[in-house]
Amino acid sequence: MPRVPVSVANSRVIYDALTAGGVRLMSALPETWLVHLIRMAEDDPGMTLVRLAKEEEGVGISAGAHLAGVKSAMLMQNHGFLASINGIVSCAQLYRIPLLMLISYRGEFGERDPWQTEGGGVTEDLLRALRIPFSYLDDPSHVARRIHKAQTLAQSATRPVALLLCRDLMWEESEGQRPPDRP
Amino acid sequence: MMRRADALAAIYPRLEDAVVVTIMGAVAAELQAIGHRPNFFYLQHAMGLASSMGLGIALARPEKQVVVFDGDGSILMNLGGFTTLARYRPRNLVHVVFDNESLLSVGGFPTATSTGSDLAGIAAAAGVPRTSTVRTLDEFTRAFTDALSAGDLTTIVAKVEAVGPSVFVTDLALLENRFEFQKWLRQR
Numbered sequence: 042m043p044r045v046p047v048s049v050a051n052s053r054v055i056y057d058a059l060t061a062g063g064v065r066l067m068s069a070l071p072e073t074w075l076v077h078l079i080r081m082a083e084d085d086p087g088m089t090l091v092r093l094a095k096e097e098e099g100v101g102i103s104a105g106a107h108l109a110g111v112k113s114a115m116l117m118q119n120h121g122f123l124a125s126i127n128g129i130v131s132c133a134q135l136y137r138i139p140l141l142m143l144i145s146y147r148g149e150f151g152e153r154d155p156w157q158t159e160g161g162g163v164t165e166d167l168l169r170a171l172r173i174p175f176s177y178l179d180d181p182s183h184v185a186r187r188i189h190k191a192q193t194l195a196q197s198a199t200r201p202v203a204l205l206l207c208r209d210l211m212w213e214e215s216e217g218q219r220p221p222d223r224p
Numbered sequence: 005m006m007r008r009a010d011a012l013a014a015i016y017p018r019l020e021d022a023v024v025v026t027i028m029g030a031v032a033a034e035l036q037a038i039g040h041r042p043n044f045f046y047l048q049h050a051m052g053l054a055s056s057m058g059l060g061i062a063l064a065r066p067e068k069q070v071v072v073f074d075g076d077g078s079i080l081m082n083l084g085g086f087t088t089l090a091r092y093r094p095r096n097l098v099h100v101v102f103d104n105e106s107l108l109s110v111g112g113f114p115t116a117t118s119t120g121s122d123l124a125g126i127a128a129a130a131g132v133p134r135t136s137t138v139r140t141l142d143e144f145t146r147a148f149t150d151a152l153s154a155g156d157l158t159t160i161v162a163k164v165e166a167v168g169p170s171v172f173v174t175d176l177a178l179l180e181n182r183f184e185f186q187k188w189l190r191q192r
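Protein chains in written order, with this note's numbering: chain A, 42 to 224; chain B, 5 to 192.
Hints listed in this document are in silico derivations from the structure and should not be mistaken for laboratory results. Take the hints with a grain of salt, since some may be wrong.
Some chain B residues flagged as far from chain A (calculated, every beta-carbon gap over 10 angstroms) [claimed, not checked]:
{"no.": "1", "residue": "Y16"}
{"no.": "2", "residue": "P17"}
{"no.": "3", "residue": "E20"}
{"no.": "4", "residue": "Q48"}
{"no.": "5", "residue": "S55"}
{"no.": "6", "residue": "A62"}
{"no.": "7", "residue": "Q69"}
{"no.": "8", "residue": "S106"}
{"no.": "9", "residue": "G111"}
{"no.": "10", "residue": "A128"}
{"no.": "11", "residue": "P133"}
{"no.": "12", "residue": "R146"}
{"no.": "13", "residue": "S153"}
{"no.": "14", "residue": "Q186"}
{"no.": "15", "residue": "R190"}
Here's a subset of chain A near chain B, in silico, CB distances under 10 angstroms, partners left out [what the hints assert, rightly or not]:
{"no.": "16", "residue": "V91"}
{"no.": "17", "residue": "L135"}
{"no.": "18", "residue": "P174"}
Here a beta-carbon is modelled for each residue, glycine too, at the ideal position from N, C-alpha and C.
Construct the entire structure; sequences and hints are all you get.
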């Protein structure tokens with residue numbers, strides 16, 4: 042696979058915060074920004090990693106794990122969030138499941154891939170429409186605190202919450218290193 | 005051809021200590037009519053996700069026997085889930101698909117299994133190690149009992165008549181069921 046400038050150090054900060062919060066099961070569907078997080082889960086004997094065919098399955102898996110007393114997290118791209126919405130509403134919200142969703146926020150400022158831009162433009166509006174509390178992970182200094190606070194709210198409200206993994210945190214290539222491909 | 009309600013009644017005694025997840029509609033109403041138990045969870049929406057919930061529970065609690073009662077309309081919405089089930093192959097999960105070849109609760113419109121799509125074949129091709137299609141009550145009871153003792157991931161497709169109860173709403177509130185089930189599951 043091509044080398045991609047996804048931050049290993051910041052992925053580690055996120056991963057360590059999740060395990061410190063007691064997360065023992067992660068569902069994931071690979072996407073570029075999530076590669077290191079998924080490898081970390083793979084290499085961790087204390088973590089059950091469930092690779093999905095489609096992200097909505099992760100809602101059911103997390104719901105089952107929660108009822109059984111196991112803390113989980115879902116790793117997905119914002120298009121995976123889009124693909125999961127019925128499950129989020131009709132399983133997690135209907136049944137008051139504290140989902141912890143980590144959503145890579147593709148298509149925000151700095152996005153070069155044209156195909157990511159529509160999803161990026163609707164992500165926050167959809168989270169608001171669904172009344173899902175969310176915050177941004179865009180700097181390593183606040184990652185652990187925000188993940189902890191997100192988990193706390195999810196547990197006390199017994200509702201889904203979301204953290205948007207932002208380009209400034211996940212992507213190491215500076216804009217000056219590679220000019221935009223198109224004028 | 006068997007009736008789903010008879011099939012549920014035939015194996016009901018085997019569900020006493022199992023973790024049971026059902027889909028919405030006729031399956032949930034019929035199992036409740038036989039007798040609700042705190043270890044039964046009825047996913048009253050989120051079509052397709054009952055098998056995923058069963059997987060989540062089975063992975064979280066590998067020492068517990070998990071039984072999912074699915075339907076053709078529901079699993080057709082999550083066929084990819086078969087590949088995830090097979091990939092993690094929880095030995096403690098028995099996945100029953102009641103296949104009445106229709107979407108009974110919304111007017112009986114035929115599903116793709118009515119035109120030949122073979123759910124047991126799909127499960128097997130996805131990698132589910134034990135699969136079968138059964139058509140009689142005896143076959144079903146035997147397949148279910150064998151699955152419990154086999155100790156491996158099993159999908160049983162039970163062909164059933166497209167008949168169900170006249171009403172699907174029951175007295176059990178969704179959240180009451182959810183919290184009671186969680187309490188039962190976490191205490192055991």
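Against the structure, the hints:
no. : hint : result
1   : Y16  : holds, 22 angstroms
2   : P17  : holds, 24 angstroms
3   : E20  : holds, 18 angstroms
4   : Q48  : violated, 8 angstroms
5   : S55  : violated, 7 angstroms
6   : A62  : violated, 8 angstroms
7   : Q69  : holds, 13 angstroms
8   : S106 : holds, 21 angstroms
9   : G111 : holds, 20 angstroms
10  : A128 : holds, 17 angstroms
11  : P133 : holds, 18 angstroms
12  : R146 : holds, 28 angstroms
13  : S153 : holds, 23 angstroms
14  : Q186 : violated, 5 angstroms
15  : R190 : violated, 5 angstroms
16  : V91  : holds, 6 angstroms
17  : L135 : holds, 6 angstroms
18  : P174 : violated, 20 angstroms
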